[in-house]
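Chemist: Start from the sequences and build out the full structure, keeping to the hints where you can.
Throughout the sequence shown, residue numbering follows UniProt numbering, covering 1 to 217 in sequence.
Note that these hints are calculated values from the structure, not bench results. Glycine included, C-beta positions come from ideal geometry on N, C-alpha and C. Keep in mind that the hints are not guaranteed to be accurate.
Within a straight-line C-alpha distance of at most 20 Å, the following computed DMTMM-like cross-link-like pairs (lysine to aspartate or glutamate) qualify [to be verified]: (1) K76 x E47; (2) K44 x D119; (3) K87 x D58; (4) K43 x D195; (5) K44 x E95; (6) K67 x E48.
Pair by pair, the computed Cβ-Cβ distance ranges are [unchecked claim]: (7) M145 x L177: 16 to 22 Å; (8) V131 x L96: 51 to 57 Å; (9) T203 x I166: 52 to 58 Å.
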Amino acid sequence: MSIISLVMQASFVVQMVMVILMALSFMSWWHIFSKHFTLANAKKHTEEFEDRFWSGSDLNGLYEHVKRSRSIGMEKIFEAGFGEFLKLRQKGGMELSDVMEGTRRAMRASCQRELDFLDKHNAFLASVGSVSPYIGLFGTVWGIMYAFKGLGNVGQATLATVAPHIAEALVATAIGLFAAIPAVVAYNRFAYDVDRLANRFDTFIEEFSNVLQRQVR
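Modeler: Right under this line is the structure:
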């Protein structure tokens, strides 16, 4: 018995469950590869920007460079914070504490937008990881019920008669696990990577605020 023959011989409901699980698996793998490259790109840009920022580059020149480029992650936070800082400084008559508070708010808002973008589709992976085994189990239970219903019309039920039907039903559970395991592993890894980037963003916001405060004193 091959997997294909087991799938083709299964009942209609079980086949539909398998189709749903395969679709979920395909979508989760699509998001896994997409998020892998997105997070890798964000980490690369963050490291490159930190090297430029702490190398003693002129903040105005760095700000103009970031505005011209396709910024992401920490670059976006710097652009939002420094841009707000310049606007508030140009108004005049504002206390330093008010200027820094407005700058921090701009960086916090930008940080949250970046984290929301990096965390995109993680909830889908978590849902696939938690729900897929139960969908597969439903297909298995339905298939076993269908198999035993068919065996009721057989005069003598032997292991050779029962085994193929049970195997067809168990394929649904196997496909459910095939969809769930990569999604769970990817979700945990991506959540860890986003948390690490969030910590780096928070640290940068505080350090950049201190840099700006020292410049205006």
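Chemist: Are the hints correct? Go through all of them and say.
Modeler: How the hints compare with the structure:
1. K76 x E47: holds (14 Å)
2. K44 x D119: holds (17 Å)
3. K87 x D58: holds (18 Å)
4. K43 x D195: holds (12 Å)
5. K44 x E95: Between K44 and E95 the Cα gap is close to 37 Å, so the pair fails against 20 Å, i.e. violated.
6. K67 x E48: holds (16 Å)
7. M145 x L177: 16 to 22 Å: Given range 16 to 22 Å: holds, Cβ gap about 21 Å.
8. V131 x L96: 51 to 57 Å: holds (52 Å)
9. T203 x I166: 52 to 58 Å: holds (56 Å)
Of the hints listed earlier, the one the structure fails to meet is number 5.
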